[in-house]
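Engineer: With chain E's structure known, arrange chain B on it following the hints.
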Amino acid sequence: MKAFVIDLSVCNGCYACQIACKDEHVGNDWTPYAKPQPDTGHFWLGIKETVRGTVPKVMVTYVPMLCMHCADAPCMKACKPGAIYKREDGLVIIDPEKCTGCKLCMDVCPYDAIFMNSGLNIAQKCTGCAHLLDDGWEVPRCVDNCPTEALKFGEEKDLKKYIAKAEPITPDVKLKTRVYYLNTPKKWVSGTLYDPKEKEVIAGAKCTLTDLETREAIIDETNAWGDFWFRGLPDNRRFKLKIEKGKKTVTMDSICTDTDRNLGDIALK
Amino acid sequence: MSVGKVKEKTKKTKVKEPLASMADKTVYKALGLSGGIFGAAPCAIDVKNDRIVRIRPLHFDAKYDPKTFNPWKITKNGKTLEPMYKALPSPFSLAYKKRVYSPNRIKYPLKRVDWNPDGERNTQNRGKSKFVRISWDEATDLIAKEIRRLHKQYGPCTILIQGDGHGECMFVNATHGSSSLLLDKMGGFTQQIRNPDSWEGWYWGSKHVWGSGLIGMMNPANNIVKDISEHTQLLLVWGGDPETTPWGFRGQYASNIVRFWSEIGIKQVYICPDLNYAAAIHANKWIPVLPNTDAALQLAIIYMWIKEGTYDKEYIKTHTIGFDKIQAYVMGEEDGEAKTPEWASKKCGVPEWTIKALARDWAKKVCTIGHYFGGGMIRGPLAHEPARLECILLGMQGLGKPGVHQAQISYQGMPRNIVSKKTGSHMGMFERLKGTKYGDRLLKPHSITPTAWGKQMIPKTMIEKAINEGKIDFYGTGGHEVPTSDQFVKYSYPIPKEKGGAQVHMIWTDTPCRITCWNCGNDVIDTVRSPKIEFVLAQHPWLENDCLYADIILPIKTIVETDDISPCVRDGESFQSLVLMKPAIPPIGEALSNYEAVCEIAKKLNMYEEVTEGRSVPDLIKDVFYGLGFGDYISYDEFEEKGYYVLPVADDWEDDVAGLYDFYKDPVKNPLPTPSGKLEFYAERIAKHFPDDKERGPYPKWIERSESHDERISSERAKLYPLLLMSNHGRWRVHAQCDDITWTREAYTGKILGFDGYKYEPCWINPNDAKARGIKDGDIVKVFNERGGVLCGARVFERVMPGVVSVDHGARADAIIPGKLDRGGAINTVTPAGLTSKNCAGQATSGFLVDIEKVTPEQMGKWMNDYPDAFNREYDPDSGLRFDAWVEGRK
Numbered sequence: 001m002k003a004f005v006i007d008l009s010v011c012n013g014c015y016a017c018q019i020a021c022k023d024e025h026v027g028n029d030w031t032p033y034a035k036p037q038p039d040t041g042h043f044w045l046g047i048k049e050t051v052r053g054t055v056p057k058v059m060v061t062y063v064p065m066l067c068m069h070c071a072d073a074p075c076m077k078a079c080k081p082g083a084i085y086k087r088e089d090g091l092v093i094i095d096p097e098k099c100t101g102c103k104l105c106m107d108v109c110p111y112d113a114i115f116m117n118s119g120l121n122i123a124q125k126c127t128g129c130a131h132l133l134d135d136g137w138e139v140p141r142c143v144d145n146c147p148t149e150a151l152k153f154g155e156e157k158d159l160k161k162y163i164a165k166a167e168p169i170t171p172d173v174k175l176k177t178r179v180y181y182l183n184t185p186k187k188w189v190s191g192t193l194y195d196p197k198e199k200e201v202i203a204g205a206k207c208t209l210t211d212l213e214t215r216e217a218i219i220d221e222t223n224a225w226g227d228f229w230f231r232g233l234p235d236n237r238r239f240k241l242k243i244e245k246g247k248k249t250v251t252m253d254s255i256c257t258d259t260d261r262n263l264g265d266i267a268l269k
Numbered sequence: 001m002s003v004g005k006v007k008e009k010t011k012k013t014k015v016k017e018p019l020a021s022m023a024d025k026t027v028y029k030a031l032g033l034s035g036g037i038f039g040a041a042p043c044a045i046d047v048k049n050d051r052i053v054r055i056r057p058l059h060f061d062a063k064y065d066p067k068t069f070n071p072w073k074i075t076k077n078g079k080t081l082e083p084m085y086k087a088l089p090s091p092f093s094l095a096y097k098k099r100v101y102s103p104n105r106i107k108y109p110l111k112r113v114d115w116n117p118d119g120e121r122n123t124q125n126r127g128k129s130k131f132v133r134i135s136w137d138e139a140t141d142l143i144a145k146e147i148r149r150l151h152k153q154y155g156p157c158t159i160l161i162q163g164d165g166h167g168e169c170m171f172v173n174a175t176h177g178s179s180s181l182l183l184d185k186m187g188g189f190t191q192q193i194r195n196p197d198s199w200e201g202w203y204w205g206s207k208h209v210w211g212s213g214l215i216g217m218m219n220p221a222n223n224i225v226k227d228i229s230e231h232t233q234l235l236l237v238w239g240g241d242p243e244t245t246p247w248g249f250r251g252q253y254a255s256n257i258v259r260f261w262s263e264i265g266i267k268q269v270y271i272c273p274d275l276n277y278a279a280a281i282h283a284n285k286w287i288p289v290l291p292n293t294d295a296a297l298q299l300a301i302i303y304m305w306i307k308e309g310t311y312d313k314e315y316i317k318t319h320t321i322g323f324d325k326i327q328a329y330v331m332g333e334e335d336g337e338a339k340t341p342e343w344a345s346k347k348c349g350v351p352e353w354t355i356k357a358l359a360r361d362w363a364k365k366v367c368t369i370g371h372y373f374g375g376g377m378i379r380g381p382l383a384h385e386p387a388r389l390e391c392i393l394l395g396m397q398g399l400g401k402p403g404v405h406q407a408q409i410s411y412q413g414m415p416r417n418i419v420s421k422k423t424g425s426h427m428g429m430f431e432r433l434k435g436t437k438y439g440d441r442l443l444k445p446h447s448i449t450p451t452a453w454g455k456q457m458i459p460k461t462m463i464e465k466a467i468n469e470g471k472i473d474f475y476g477t478g479g480h481e482v483p484t485s486d487q488f489v490k491y492s493y494p495i496p497k498e499k500g501g502a503q504v505h506m507i508w509t510d511t512p513c514r515i516t517c518w519n520c521g522n523d524v525i526d527t528v529r530s531p532k533i534e535f536v537l538a539q540h541p542w543l544e545n546d547c548l549y550a551d552i553i554l555p556i557k558t559i560v561e562t563d564d565i566s567p568c569v570r571d572g573e574s575f576q577s578l579v580l581m582k583p584a585i586p587p588i589g590e591a592l593s594n595y596e597a598v599c600e601i602a603k604k605l606n607m608y609e610e611v612t613e614g615r616s617v618p619d620l621i622k623d624v625f626y627g628l629g630f631g632d633y634i635s636y637d638e639f640e641e642k643g644y645y646v647l648p649v650a651d652d653w654e655d656d657v658a659g660l661y662d663f664y665k666d667p668v669k670n671p672l673p674t675p676s677g678k679l680e681f682y683a684e685r686i687a688k689h690f691p692d693d694k695e696r697g698p699y700p701k702w703i704e705r706s707e708s709h710d711e712r713i714s715s716e717r718a719k720l721y722p723l724l725l726m727s728n729h730g731r732w733r734v735h736a737q738c739d740d741i742t743w744t745r746e747a748y749t750g751k752i753l754g755f756d757g758y759k760y761e762p763c764w765i766n767p768n769d770a771k772a773r774g775i776k777d778g779d780i781v782k783v784f785n786e787r788g789g790v791l792c793g794a795r796v797f798e799r800v801m802p803g804v805v806s807v808d809h810g811a812r813a814d815a816i817i818p819g820k821l822d823r824g825g826a827i828n829t830v831t832p833a834g835l836t837s838k839n840c841a842g843q844a845t846s847g848f849l850v851d852i853e854k855v856t857p858e859q860m861g862k863w864m865n866d867y868p869d870a871f872n873r874e875y876d877p878d879s880g881l882r883f884d885a886w887v888e889g890r891k
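Read top to bottom, the protein sequences are chains E and B. So for the first sequence, the working numbering puts the first residue at 1; every next one is plus one. So for the second sequence, the working numbering puts the first residue at 1; every next one is plus one.
To be clear, the hints were calculated from the coordinates, so they are not data collected in a lab. All the given hints hold, so there is nothing to weed out.
Chain E regions said to be covered by chain B (calculated; three or more residues, Cβ under 8 Å):
1. 12-25
2. 45-58
3. 144-155
The structure presented is a predicted model; accordingly, all values stated were derived computationally and were not measured. Cβ coordinates follow ideal geometry from the N, Cα and C atoms, glycine included.
The shape of chain E in the complex, shown without the other chains (with noise of 0.2 Å):
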């Protein structure tokens, strides 16, 4: 079975997956495979990218999607003329002959991978360029295109070692799927430790965040800029912070990782 693994944390955000493509599928026909993408709208790999943080704790994430070849895709099922089968290599597939262009499948997708192309009215996603592999290709246009090989395709048996660390990419959707994401985003928190008297950033003052649920404490030290970072940090959970140097400290008592936080540069009194 053929497979995704995209690993978050080498991508670059260049655009170079989405734009081969649409190098491949714009302006091309490759029926019975795929019709052609309309120039613009359809991202059948498409970044989402997410701005995390603020000045000056600031970073950007993006997550190459496309579509999940489900083992067992829910398009499949709804498709009512059955133009969606899968291929013996896994690949799931939109037959451009067969698809009337009811949009049902579009409204199964948890991933919103299937986009409707309203010209020729049907409905179309990625197929893992199944006209190349299927000519010889070992992988598709978008992994040929990846300068920092984060996108890797191949044998899902090949690719064991990287499906082992794998993460679902929406945790709340609960299907077997054949793109493997590693690394992907944790929320995080941060600081800036200062004396106001001295005007000096504090090194070395012990920062512990309890999870005010699990009563679990993780414990950082400020380093040679007065920064702490707790990173991997679960999702919509309060936590209490406690920060000590000397006989001083602070402590913030409700910080919410319903996003990334950047407390600021925080003055130890």
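Structural biologist: Structure of chain B alone, referenced to chain E:
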């Protein structure tokens, strides 16, 4: 974010070669956009029935055993950086199909409808009136007649060649400067000298500290990628963006280097007003600094080092001169004001405690400063000051020591190939070519960009002043590859009449982007409409920017349609290569190559034989192949059959001395090319030649306001224009190139669809500043100062610090009121007219005062009513401007 991830061993992705899927041929092209003699980003183009099927990265190993490349390897902490076995082109190179088939392509020769060389020229209507189709025959007749008349009336130097800058990588068909092959043989011309537009500060400043004759950056910079990997602990990426700016020049390998440095534990600190694309994914720390206030921050770091004694005192004694002057100035002995962190913080917006932490961490660690041209620090007013301070900071920590460099990341310092090894650098190849029979002729058009050799010269930043005032003086041509001493030579325009001097009355441009890529774009528009300019000839593939102000426009082929050859031999890719570039498809419309177009004009002037010297394009391609010395490695027949060649890495590349190590080890034996042979913190030459220059004195200072510039937040002007605008090279463009690619325009930081259905260039705004002005993400905003207004789309987010807005330069100009209000996002229309400083003819196009306001539907309605032509032109939001909008009989 990528810290701690071990890079997997390179796994090759195999692509079927040579006949790729569903295609009848594959052609190779260097689709980098730096242009000139240096190719980059080699791609394979699959073609069927004369149409492009796909464009994909060239796999170096498609036709060669990769062992023959002698692959390099850099190892640290058990982790390895290796080459990739494919090229890593930018997204816009990979989307180049959209450029080739752009609806904005010029399909046939055009003449402005109301330009009559025998009657009314209506120069005031340039940029307003439309064009009409004419034949090549008619166009070349008109051009030849005008050239003859102008030569006779004013002399050859009356023709200004704007034939420099970036573009497609065509060698024989020279993207720029082909016109010089003709005019040089007809008595000369006036050369527009391209200033160092991406690195002004280093050129006009650093050169005086370290004396380098090569563009102004640290030189030599050989083998520093390995050296940084092995020795550097802290990387300060100051201003530039290694995840963006290398794209158009060499592709994306820099991304892998920077990620590797994180993986091996080098801490990366990004000092820039914007969270640029590298900072967004690689930064261990982002220090937002107000645009063009880096000098204040730098001075405070020097203050801390002096106060705490944490600099290399021995090195200062043996390797530098003038430290006493810097010390006196920084500590306040000279002007009574110590340059403390408290002093700096108010100017640069960085908290005092962070300035101190930066100074201390830097003093403790082995530190390199990284760049990739552009960014917030190096292109602003008085950019030579932060540039020189950077050299001083590096000098105070032992510049040249292992791990202590200034690094233009991946641009220089990667493992050397066999040819560079043999000849000293990649430039050696071109020296060799120069010595061959047709070498000089092949290199001539390209030499317009980096050197100054025209009979009469005008710096690109001063074209408008020269034309309007009829006389200018300037110090230094600004040519990239001229020695530092040229900056003390006084030049004048026009040169004396007896030497052939003449006022410019004709502009011949093959680089029609002066409005959107250089300083004071609105002045360009006003100037080109002057009746003094009797004839404007443009040749270009796309109907954009300055083309709209021309009288005759010639349709030019893209690289994809052209027969050529490209040596991709500069650093920045996994391997260097030579690419044979057969035409992939027939020309679009009646397009010819730049060179072929010049030949057509030459025919009408009876100069064809002189221009071609009897050599055909295929002959010249072979002349390049043999002239560069590739015949030593592969036969032409095999090269032609394979379509490309990969240069092996030199066996002993690891022994190459890193950066300025020799100077560090023994400054007496290995002096710098300065008068003293040392790092000159104090430049005696500047003191002698410019005793009254308060903008660039003999050593760098913080200058609040000056003769040329008043662009600080302390200015009276800041009451009206309280925001500092920074402008970097585009994420989705190379200068003005590629603004029409529908697929990149769709990216989140691409264009923004306004309520009126127009796709606007984004203006980055911090949520605080947006809120204060009632602006929401996606709104149309006007960015303005007294020099004019530019409409943009608001991108409100945390990627820019408060008090700052950021607009990439190079968006295609689309005037609502020419010279006053632009809708295309061409931010350079409102940049300062002032030069870098009075004796430095650079541009100051980042770090200037503006304000922004929301554009309401009422305001837009008023403009629509007042300027109906600007709004009724055919337009398509997906790709933007269109050929049909400007050509009579189309729509």
